[in-house]
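Engineer: Each chain is listed here by its residues.
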Amino acid sequence: MSDEQDIILADLSDEELTLQMHDDLYDGMKEEIAESVNILLGRGWMPYDILTKALVEGMRIVGIDFRDGILFVPEVLLAANAMKGGMFILKPLLAETGAPRLGNMLIGTVKGDIHDIGKNLVTMMMEGAGFEVKDLGINNPVENYLQELENGEYDILGMSALLTTTMPYMKVVIDTMIEKGMRDDYVVMVGGAPLNEEFSKAIGADAYCRDAAVAVETAKEFMAKKHNQMVI
Amino acid sequence: MHSDDHLTEFGMVVSHCDYKRILIIACGALAREILTLIELNNWKHMALTCLPAKYHLYPEKITSAVEDAVLKYSNDYDEIFIAYADCGTGGLLANKCKDLGVKMIAGPHCYSFFEGNNKFSNLSENEITAFYLTDFLVKQFDSFVWKPMGLDKHPELLDMYFGNYTKLVYQAQINDPKLDAKAIEISERMGLPLERRYTGYGDLETALFKI
Chain A
0 MSDEQDIILA DLSDEELTLQ MHDDLYDGMK EEIAESVNIL LGRGWMPYDI
50 LTKALVEGMR IVGIDFRDGI LFVPEVLLAA NAMKGGMFIL KPLLAETGAP
100 RLGNMLIGTV KGDIHDIGKN LVTMMMEGAG FEVKDLGINN PVENYLQELE
150 NGEYDILGMS ALLTTTMPYM KVVIDTMIEK GMRDDYVVMV GGAPLNEEFS
200 KAIGADAYCR DAAVAVETAK EFMAKKHNQM VI
Chain B
0 MHSDDHLTEF GMVVSHCDYK RILIIACGAL AREILTLIEL NNWKHMALTC
50 LPAKYHLYPE KITSAVEDAV LKYSNDYDEI FIAYADCGTG GLLANKCKDL
100 GVKMIAGPHC YSFFEGNNKF SNLSENEITA FYLTDFLVKQ FDSFVWKPMG
150 LDKHPELLDM YFGNYTKLVY QAQINDPKLD AKAIEISERM GLPLERRYTG
200 YGDLETALFK I
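These protein sequences, in sequence, are chains A and B. All residue numbers for the first sequence refer to numbering that gives the first Met the number 0, where the first residue is 0 and numbers rise by one. All residue numbers for the second sequence refer to numbering that gives the first Met the number 0, where the first residue is 0 and numbers rise by one.
A couple of the hints might just be wrong.
If the Cβ cut is set under 10 Å, some of the chain B residues that face chain A in the computed set are [said to hold, decoys possible]:
hint: 1; residue: Gly87
hint: 2; residue: Gly90
hint: 3; residue: Asn94
hint: 4; residue: Ala105
hint: 5; residue: Met148
hint: 6; residue: Leu150
hint: 7; residue: Glu155
hint: 8; residue: Leu156
hint: 9; residue: Tyr160
hint: 10; residue: Gly162
hint: 11; residue: Asn163
hint: 12; residue: Pro176
hint: 13; residue: Asp179
hint: 14; residue: Ala180
Pairs of lysine-lysine, BS3-like flavour, derived with a Cα cap of 25 Å [to be verified]:
hint: 15; chain 1: B; residue 1: Lys118; chain 2: A; residue 2: Lys110
hint: 16; chain 1: A; residue 1: Lys52; chain 2: A; residue 2: Lys200
hint: 17; chain 1: A; residue 1: Lys83; chain 2: B; residue 2: Lys60
hint: 18; chain 1: A; residue 1: Lys29; chain 2: B; residue 2: Lys152
hint: 19; chain 1: B; residue 1: Lys97; chain 2: A; residue 2: Lys200
hint: 20; chain 1: A; residue 1: Lys83; chain 2: B; residue 2: Lys152
hint: 21; chain 1: A; residue 1: Lys170; chain 2: B; residue 2: Lys95
hint: 22; chain 1: B; residue 1: Lys166; chain 2: A; residue 2: Lys110
hint: 23; chain 1: A; residue 1: Lys200; chain 2: B; residue 2: Lys166
hint: 24; chain 1: A; residue 1: Lys179; chain 2: A; residue 2: Lys90
hint: 25; chain 1: A; residue 1: Lys110; chain 2: A; residue 2: Lys29
hint: 26; chain 1: B; residue 1: Lys146; chain 2: B; residue 2: Lys53
hint: 27; chain 1: B; residue 1: Lys71; chain 2: B; residue 2: Lys97
hint: 28; chain 1: A; residue 1: Lys133; chain 2: A; residue 2: Lys52
hint: 29; chain 1: B; residue 1: Lys53; chain 2: B; residue 2: Lys166
hint: 30; chain 1: B; residue 1: Lys146; chain 2: A; residue 2: Lys29
hint: 31; chain 1: B; residue 1: Lys97; chain 2: B; residue 2: Lys209
hint: 32; chain 1: A; residue 1: Lys200; chain 2: B; residue 2: Lys95
These aren't lab readings, by the way, just hints derived from the structure by calculation. Note that beta-carbon positions come from the ideal geometry of N, C-alpha and C, so glycine has one too.
Produce the entire structure from the sequences given, and follow the hints as far as they go.
Structural biologist: Below, the structure written as structure tokens:
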């Protein structure tokens, strides 16, 4: 998607600039993304619109090409890094301008595991989609999850693991939630390279999320169901 | 003997043995170690074939590739042994080996069986922030780690990949100053302190003795 010609971002129309941002995200161009975000803010765009129409949509395209084997982890990380550049500018403004909140999520990598690339991508995409996310970081024993769930107001618990040796710990967390009678209060989503749908069902999670884009869509669906139940 | 690059990309065809009794189907990353053990112990009844070591990066390919190899050679040998541990297959390889009636190496991965599964299990509780390399992986670090992670072109990603690691553990199967020097160079590149541990062949040797 890269274009060798020099492009003056400020000369582009809103529509052209949004498409250019999709390309720049795809190519991991952090500085250009930051510049474009500032241009759109200067033109009076709402921060939420920049986030959803330019950044999240751009990352959605990246996610599709990752899923289809066109892009690989390094390219996705560069794209995420570029998005981070845009988010850094937008995040304080989103709170000020009353961007819609879809729900609250607690996320963390399980005990014994220090891998957080996927988790960080999910966190960023969920925040971009309008979720408030509390990130517990890496190597979390069950107590960390439970303590935070009990102290906060969460809709979703997300757990991540990269290792086949650590992924069974997700079941420890879910089983403890069942023991404490709190399992049904949350949607439990799990993800990580060695996981699959079958494992997710076996441990009693609500959903397996293959990648960050799927995590966002799944979370939205669950929140919509929850909303509908409340209306009824 | 094939080059390490060849073992990474293509694996190894069946080696010669005097009496075709046992075939070891192994990860290409173990080829040199197993051939050394065959030679040292004069196991003339044992042949070796290897699958591409790069499957290490795609564990989902291992189980079906092992199954294909077992089915291909099962009529030619009295016994087949699988020189893989779980290796990220999440138990699928163990289940398949059970179905096929072949034995495999115990343990989660080669870092564990080289160290000795019991010892590694005790150590790993306190070593979750360690990144492990074996002799093969020291030699193939660029092909296996640096390039696939895009670090040759984008060193700025280093912290995203390895920011949570606190040390590099080089599990040496043999004493080779050249490999030690390469491990030091890698640790400097990764920005991680190096711990060299001589493991020898660990449980790999024990497992092959038991066949």
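Engineer: Give a verdict on every hint.
Structural biologist: Okay, the hints, checked on the actual structure:
For Gly87(B), the shortest C-beta to C-beta distance to chain A is roughly 6 Å, which falls under 10 Å, so the interface hint holds. Hint status for Gly90(B): holds, given a least beta-carbon distance of 7 Å to chain A, under 10 Å. At about 13 Å, the closest approach between the beta carbon of Asn94(B) and any beta carbon in chain A exceeds 10 Å, and the interface hint on this residue is violated. At its closest, the beta carbon of Ala105(B) sits 13 Å from a beta carbon of chain A; the interface hint therefore is violated under the 10 Å criterion.
Checking Met148(B) against chain A by beta carbon gives a least distance of about 6 Å; that is within 10 Å, so the hint holds. For Leu150(B), the interface hint holds, the least distance from its beta-carbon to any beta-carbon of chain A being 8 Å, beneath 10 Å. For Glu155(B), the interface hint holds, the least distance from its beta-carbon to any beta-carbon of chain A being 8 Å, beneath 10 Å. Satisfaction of the interface hint for Leu156(B) is found here, the shortest Cβ-Cβ separation to chain A being roughly 5 Å, below the 10 Å cut-off.
Hint status for Tyr160(B) relative to chain A: holds, with the closest Cβ pair at about 7 Å, below 10 Å. Hint on Gly162(B) holds. Least Cβ distance to chain A is approximately 8 Å, under the 10 Å limit. Hint status for Asn163(B) relative to chain A: holds, with the closest Cβ pair at about 4 Å, below 10 Å. The beta carbon of Pro176(B) is not positioned within 10 Å of any beta carbon in chain A (closest approach about 31 Å), and the interface hint is therefore violated.
Hint on Asp179(B) is violated. Least Cβ distance to chain A is approximately 26 Å, over the 10 Å limit. Evaluation of the Ala180(B) hint against chain A yields a violated restraint, the C-beta minimum of about 27 Å exceeding 10 Å. Between Lys118(B) and Lys110(A), the direct Cα distance comes to roughly 20 Å. Compliance with the 25 Å bound is thereby established for this hinted pair. Straight-line distance between C-alpha atoms of Lys52(A) and Lys200(A) comes to about 34 Å, which puts the hinted pair past the 25 Å bound.
Note on Lys83(A) and Lys60(B): the hinted pairing is violated, with a Cα-Cα distance of about 33 Å set against a maximum of 25 Å. With a CA separation close to 16 Å, the supplied pair Lys29(A) and Lys152(B) stays within the 25 Å bound. For a cut-off of 25 Å, the pair hint linking Lys97(B) to Lys200(A) stands: about 24 Å separates their Cα positions. With a C-alpha separation of about 20 Å, the suggested pairing of Lys83(A) with Lys152(B) holds against the 25 Å cut-off.
A threshold of 25 Å between alpha carbons decides the hint, and for Lys170(A) with Lys95(B) the separation of about 24 Å falls inside it, so the pair holds. Distance restraint check for Lys166(B) and Lys110(A): the Cα-Cα separation of roughly 19 Å lies within the 25 Å cut-off, and the hinted pair is therefore satisfied. With a C-alpha separation of about 36 Å, the suggested pairing of Lys200(A) with Lys166(B) is violated against the 25 Å cut-off. Among the hinted pairs, Lys179(A) with Lys90(A) is inconsistent with the structure: their alpha-carbon atoms are about 35 Å apart, more than 25 Å.
For the hint pairing Lys110(A) with Lys29(A), the CA-to-CA distance comes to about 33 Å; that exceeds 25 Å, so the pair is violated. With a C-alpha separation of about 12 Å, the suggested pairing of Lys146(B) with Lys53(B) holds against the 25 Å cut-off. A C-alpha spacing of about 17 Å is found between Lys71(B) and Lys97(B), which places the hinted pair at or below 25 Å, so the restraint holds. Between Lys133(A) and Lys52(A) the alpha-carbon distance is near 24 Å, which keeps this suggested pair within the 25 Å criterion.
Under the criterion of a C-alpha separation no larger than 25 Å, the hint pairing Lys53(B) with Lys166(B) is consistent with the structure, at around 24 Å. Distance hint between Lys146(B) and Lys29(A) is fulfilled; the C-alpha atoms sit about 22 Å from each other, no more than 25 Å. In summary, the hint linking Lys97(B) to Lys209(B) is supported, as the alpha carbons are separated by about 17 Å, within the 25 Å threshold. For the suggested pair Lys200(A) and Lys95(B), the alpha carbons sit about 21 Å apart, so the restraint of at most 25 Å is met.
When held up to the earlier numbered hints, the structure conflicts with 3, 4, 12, 13, 14, 16, 17, 23, 24 and 25 and fits the remainder.
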